[in-house]
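So the sequence lines, in the order shown, correspond to chains A and B.
When we follow our numbering, the leftmost residue of the first sequence carries the number 1, and every step to the right adds one.
When we follow our numbering, the leftmost residue of the second sequence carries the number 1, and every step to the right adds one.
There may be inaccurate statements among the hints.
[Claimed, not checked] Label pairs and their calculated CB-CB ranges:
no.	chain 1	residue 1	chain 2	residue 2	range
1	B	L129	A	F282	41 to 51 Å
2	B	G145	A	K141	48 to 58 Å
3	B	R87	A	R189	24 to 34 Å
4	A	R202	B	G153	38 to 48 Å
[Stated by the list, open to error] Partner residues aside, some chain A positions facing chain B, computed with beta carbon under 10 Å:
no.	residue
5	G54
6	I56
7	I121
8	N129
9	W133
10	A254
[Claimed, not checked] Far from chain A, by Cβ distances over 10 Å, these chain B residues were calculated:
no.	residue
11	Q6
12	I97
13	D126
14	T135
15	L154
16	F157
17	F158
18	L162
I should point out that these hints are in silico values taken from the structure, not numbers from a laboratory.
Here a beta-carbon is modelled for each residue, glycine too, at the ideal position from N, C-alpha and C.
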Amino acid sequence: MKLSAKQASLLVLAVLIVLSPFFFPSGYYFRVGSLLFVNGLAVVGIVILTGFAGQISLGHAGFVGIGAYACALAPAYLGLHPALSAVLGAVVSGATAYLVGRPILRLKGYYLAVASLGFGILVSMVLANEARWTGGPDGIKTPDLGLRGLLADMGLELTNPQFWYALSGLALLIGAWLALNLRDSPTGRALRALHGSEVAARTVGIDVAQAKLMAFVVSAVYASASGSLLALQNRFITPDVAGYMHSIELVTMAVLGGAGSVLGAIFGAGILTLLPQALTVFQNYEQIMLGLVMMLVMVFMRQGLLPSVLGLMRGRGE
Amino acid sequence: MPELMQFLLSGITVGAVYALVALGFTIIYNASDVVNFAQGEFVMLGGMITVFAYQAGLPLPLAALIAIAATAAAGVAFNKLAIETARGAPVVSLIIITIGASIFIQGVAQVVFDKQLHRLPAFSGDEPLHVFGATILPQSLWVMGGALIVFVGLWVFFTRTLTGRAVLATSNNRLAAQLVGINTNFVMTLSFGLSAAIGALAGVLVTPITLTSYQIGISLALKGFAAAMLGGMGNPKGALVGGIALGLLEALTAGYLSSQYKDAVAFVVILAVLFAMPQGLFGRKAMERV
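Bound-form chain A, shown alone (with noise of 0.2 Å):
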């Protein structure tokens, strides 16, 4: 049986999920993977956003602030349960997304850049200051998920990092999933046709202000979606998830890994999560070596680590 792209895609991800703990020297790398995972999963809504439609947003921080307020908010003022929390939480990034989305994805490149980093400094500027709300800089805690107690009661006794490394994992497979199913389908089409140009998109018949504003949603909803799993994972949260620097890790870890392919966003993610981790050594020179590592892959592989490397590996093969 040969393996479609998708198909083998999926499951080099899920093989390396389900791997990677025998190898872990230690408990600490359950956390560390379920950070990835956290990171992946907004990134692979950078990957529909940016990689698919080719829209640039400097401000999806600001969803996943939203994401992330939502899962320490709507259980202490309304009572909800964490779960749905998260569900509220897409649903109210998804609205904001809808609206916000309509005026400002008519503007093109740095306007749009400039736009969406505005949308994201207003939504990290009001969870900070709020503080009545909010509890402003200082952070808010967020309830316990309870998910793994149930599983305990049924026998499956998992420590806390294990337990999250496992839920994120699961949650960034479904986000590939359904990310690699989009691109294959009319609307991903669609939106990497307007990638490539918006006038020849439209002479085709695509609506293309409304395939636009899909895809803006819909990434929206992946930033909320990891926003809750950090709070719920964190049990705490504070409004530097929304801020600017978030934003720009996000776009970076997309573009680095390769924006157009999702694995390669993944790698991208997985890279800047475990480069600040390897670097704790060199502490004064971690920031040098950051930027150094985003331009020099910028300058040398403009389609991002994974597709550059993957692309010489053929190259060379035949």
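Start from chain A and add chain B according to the hints.
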């Protein structure tokens, strides 16, 4: 009205700095179609190098001169090593490259200098002047005057000199400029150097008022970027008006509405302007050729 006068004066001072940063964005954007997110780091370098050269015992004007020259050299190096090699890359990649440069420069500044806040003595004393019941620091006048001189100087350069016209020609149409014999690579190098020098000058002028540290660059870059967008990307007049307008808006918001949301209002206004006029206040209408 002394209160309003006070807000206006501080708004124009801050706005002059934003205008200089926005001007730096504009010059590089015109020459290379790149929005340089590392623009704020030039301001940081200008301030930091001056501080350390001054502490090492150099007289202040010499320290400032060294800082501006060193920053201009950094700008030229950045263009040669990263931007020219990456020509033709998509907008997202260019954004990542310049953000990478910004993180890199911050990292270097952390290691070479330190993570402390630093200040410089004011150029002509700290005795506040009284204007219509409001007070103004002499250093604010230095900032405003510096910005004014830079803008007038550039206007003369772009309209009266051959090199300046070559830069304008390149920004209008790179290929056509090459065809009439303009060395567009030199124009790019010049633009990065000039832009970095202007940023550094802003850093030197404003450090006695706002202090400086290795991480002031990001927020300045964002504000300067927003100011340039507000005025219309690629238009020096837009950079001036956008910068001053942004400074005034911030000062008035902080004074009359809420100091917590002073940064927010800037972005709200920019969103509103972009919705109503997607090309900014002075931008050209862009046409897409199929």
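Which earlier hints can't be squared with this structure? 9, 12
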